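So the protein lines, in turn, are chains A and B.
For the first sequence, this note's numbering begins at 136 and goes up steadily by one.
For the second sequence, this note's numbering begins at 396 and goes up steadily by one.
Everything labelled a hint here was simulated from the structure, so no lab data went into it.
On a predicted model such as this, the values are computed, not experimentally measured, just so you know.
Treat the hints with care, as some may be off.
Derived contacts from chain B toward chain A, CB cut-off under 8 Å, selection only [stated by the list, open to error]:
no. : residue
1   : E421
2   : A432
3   : W457
4   : G471
5   : D472
6   : V473
7   : V474
8   : E475
The beta carbon of each residue, even a glycine, is placed where N, CA and C say it ideally should be.
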Amino acid sequence: MSFEQALRCRECGREYPLAPIFSCEYCFGPLEVAYDYDGIRAAVTRDSIERGPTSIWRYEALLPCDPAYKVDIGTGFTPLIKADRLAKAIGLDTLWIKNDTTNPTWSFKDRVVSVAIARARQFGFTAMACASTGNLANSVSAHAAAAGMEAYVFIPQDLEEGKVVGSAVYSPNLVMVDGNYDDVNRLCTELAYAHPWAFVNINVRPFYAEGSRTLAYEVAEQLGWRTPQRVVAPMASGSLFTKIYKGFQELHKVGLIDEPIVHMSGAQPEGCSPIATAFANHTLNFVPQKPNTIARSLAIGNPADGYYALKVMEETEGSAEMASDDEIVAGVKLLAETEGIFAETAGGTTIACLQKLVASGAIRRDEETVAFITGGGLKTIEAVQGKLIEPLRVTPNMASFESAVAARDGALAAGGR
Amino acid sequence: MASKHVRFTFEPDQVKQPVIYQLGHEFQVVTSIRMAAVDNSIGWVVLEIEGEPDEIERSIAWAQAQGVRVDDPTLGDVVEG
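With these hints in hand, go ahead and build the complete structure from the sequences.
Given below as structure tokens:
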């Protein structure tokens, strides 16, 4: 059962019926799903959730769609890992990694797309669409395939081969756009108005964005129905960041956790840092940027929820940080070498920013922290290629192996002197 | 008559320029401010512009030529990671 009630403008509070619309006719503010929290409180307990499936659908009462329309390819309830070796390396007492690289298409986008496609089917759409530099394209393609729906997936012309294959394998209508980033944005906005598609982050955006709240639900449940003291999460549009906080607040509203006292910190790459720059300038109004970063999944120069992300930081006494491309690669390697998790560049950004926030004192050593790793590293191997160890090359005999190891150890010792 | 919703973003050196006033004088369009904010580092305004479609587009092109960034007011970037 779903407890969604209406769409409500985040700016002026005007309400609209549940429909594939996304902005207020009066003030053009973004619309957000409003729920019957009293109804949820009466229907849901910790026990009832814990008896549910090990996926996002254990929280179906909190999702804005009829679960009868769900397309379940196994998204969610991803591991929350106690990261002691990484914590020690960066100077924290207690650090957890929420590892969303284990989703069906290896990123958190499966959460938002799961909700978007369920609500799109409920609305009667027969085709899904998106514009993406990778993760979203992969997830929409996979979910549409599983649902037997048409998918229109728009990608920039210079996308890495791995990301193209990660969508193409599901046989969507894959459209490579010959143009720059702004051209792709403009074209897709026009197409979204002209075609009867469920464009996941346009006309069904209010529903799509709600999927990210499941990250907060899972973390709270996995910690024993409580919140951490600090969250560090990547910021692109700012939606994920704001929805994690909203998720914690909602769990309290429906009586599942105590009032959350959590500081929210956001991570951005230096090459696309409109939100972190605004935070540094002590303003809630960001200046859009032209992205230039290896963290392409965070390359949103004009973030739709940037203002709201800054509001969350203000409200929670949180913070923002940014990392250079070299720091992002170092972050990817540090997470891999200490915790055995291979993250994409967005994860490297999160780890690099976490490290900087601890070093600067913005995060205290004794704050229990959860870092959100939102995508798997095999999608962005280009970012780390040439910056990793080289394999020892040997012929198939013992002497060659022993000789190569001795030479490697000798070189390391010489380098260390 | 048509109408279009836009968000103008002004850099600090543009905040004091009367761009919206001039827009209404130079072109046959009517502007209606729906949301706005100005501080030391940035100003932005969400506008509804009414007029003939070509005149609206010409007025927006003129604003861009003045150095104003023009976006869809509600979406931000559509291309996601």
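Going through the hints against the structure:
1. E421: Interface hint status for B/E421: violated (24 Å vs cutoff 8 Å).
2. A432: 5 Å, holds
3. W457: Violated - the Cβ of B/W457 stays beyond 8 Å from chain A, reaching only about 18 Å at its closest.
4. G471: Hint holds; B/G471 Cβ to chain A Cβ min 3 Å, cut 8 Å.
5. D472: This interface hint holds because 5 Å falls under the 8 Å limit.
6. V473: 5 Å, holds
7. V474: 5 Å, holds
8. E475: 5 Å, holds
The structure fails to meet hints 1 and 3 from the earlier list, while all remaining hints are met.
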